[in-house]
Amino acid sequence: MAVEFLQTPGKPPEDPHIAMGQALMAQQRKERLILMVRIGVVWVGLIIFLIIVLLQLDFDPSYVLAHYPFVLEGLLITLGISLASIAAATVLALVGAMGRLSRNPLAQGISGFYVSLVRGTPLLIQIYIIYLGLPQIGKTLISMGHPQLGQLFVLTGVQSGILALSLNYGAYMTEIFRAGIQSISHGQREAAESLGMNRWQIMRRVILPQAVRIIIPDIGNQFIAMQKDSAQVSVMGIWEMTYRANRFARQDSKFMEMFVIAAAFYWLLTIVSSWLEGLLERKLAHAYER
Amino acid sequence: MKKYTIAFTMFVVLGLLLSACGGTATADTKLEEILARGTLIVSTDPAYPPQSELVEGGKRAENTKCAADQHTASELSGFDIDVSVAIAEKLGVEACFVTPDWTLITGGNWANRWDISVGSMTITPERMEKLYFTQPYYTTPAAFFVHTDNTSYAQPGDLAGKTIGGCTGCTYDMYLAGTLQIPGETINLVVDDPQFMGYETDLNALQDLALGDGMRLDAVLTAQPTGVGAISDGLPLKQLGDPVYFEYLAAAVDIATTPDPESFVQKITDVILELHADGTLLQLSEQYYGLDLTTAAGEFDWEMLNQFK
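Top to bottom, those sequences are chains A and B. Quick note, the first sequence lines up with residues 0 to 289 if you use numbering that gives the first Met the number 0. Quick note, the second sequence lines up with residues 0 to 308 if you use numbering that gives the first Met the number 0.
One chain only, chain A, in its complex shape (with noise of 0.2 Å):
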């Protein structure tokens, strides 16, 4: 009411309490202010400081602004392979999350299996059974008279590694989808089975639009990482960024240097997809705000 009251023209606030509120919300306000501009001057402090601790020791930055957009190049393959690997994950951790929640012992099975395995193994292991172990199988079955079905099994590198990424990620992401279904009350359900829906209609209609809202964060989190696990795929010989940085790196020993610059364009990177997150949350939360 205090609202309306205020924003009608031609009145002055008469409740001397609104401005003595608006004053404290305008001084925490300028604290807030303060506080961010102090943790900003300690970052750029930390930063000079590295920098002068790198120029101390045999640091070369001529060298750095004359070979990062080298490095630079690889950016493009490794946002390419996150985002394909991202998007095929997020199926996965859908289907997987499904499972985990069904009462069918067969899916249940299959998808704990799943996850159970996956989460327990580390990413470098999957990527070489993947692009090493597979084609094993693949030579047996073309040995068995399968040529077509064989081929299957042996994938290029760029294949091999969005597959494992996949695959890695989406065991992390059905709990992660399995979590944010679970948030989302027992009285919705009620609620809707008391309408007649079926568990499907459930799921579709009532279940899964709310929980997106609690999940597309997190996925947004996962992808973040991924960029920076993407870096494994370059042992398949993939001319990503940090592929780029240590072979280039070799032909003048300049290893700090090439690593500094890859270092430096994954944490751009970072930054700019945690702001990009961060919109997108305050986004999806828009609808629940009072």
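Among the hints, erroneous ones may be present.
Simulated crosslink set (DMTMM-like; lysine to aspartate or glutamate; CA at most 20 Å straight-line) [to be verified]: (1) B:K161 <-> B:D148; (2) A:K138 <-> B:D259; (3) A:K138 <-> B:E261.
Covered stretches of chain A, going by a simulated chain B footprint (3 or more residues, C-beta under 8 Å) [claimed, not checked]: (4) 133 to 143; (5) 148 to 162; (6) 240 to 249.
Worth flagging that the hints you see were computed from the coordinates, not collected in a lab. Glycine is no exception: its CB is placed at the ideal position from the N, C-alpha and C atoms.
Given chain A, work out where chain B should sit, using these hints.
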């Protein structure tokens, strides 16, 4: 409906990704397959300049037959790359490059992902269990180096009982221990009772030798190009006599290649012999190393490897 559409699109994209590799092989031999395809897929690890390195600002060639995940010669440079291009030219096909880790190349079992390694690979008995080697395209001669102040040694045999440096676990170490075996070559240890001093890399040994004649080391056994490079970098060293043995560096083909790779290996051997004969390899060797590293490789008796049993 939107959600279905997105999920459907994803499945289609995944399906396309997975089916993209379903090429059909109809050729009877690897050589026929390569000639029909019009590309020679070469593996190289661009971590080893001057043999193979990445080119800054190197753009993918236009109108290339190379697949999207392969690289064209314009994106790489080095001795191995130029040799690959020369081989592909003689075959009448285009050279395309893939860049897996070196250990994935030497381990064999390439699953037909690439046709050949042109990667300065030393022919060794262990590798011959997994790979077919072609005629070597150049060699790494191993030679002794001594300090410039020294006047008492005239040939490697004079180093009997002296302290000789080299990298631990390298062929130089094995040579001085009398255990080195190189397929296609008889090795004679010309130094009696050498005292081996192991280093992490050859360069450390050369630097210790440069401190003074006999101060820490009397000689270093290393690759001739490495020693010559150190001398041109200003170290006060000189080569002692002729190289004592050669490591032969050849192109390699996975034994498990399908279809049958034997005629392909034979053809590449013929091509490399032609490149030796017409001076292409010698010219490249002079260009990259300033040395003739190829003549001994042209004289190597490839038949003696007796690989097709």
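Are any of the numbered hints broken by this structure? If so, which, sorted upward? Structure breaks no hint.
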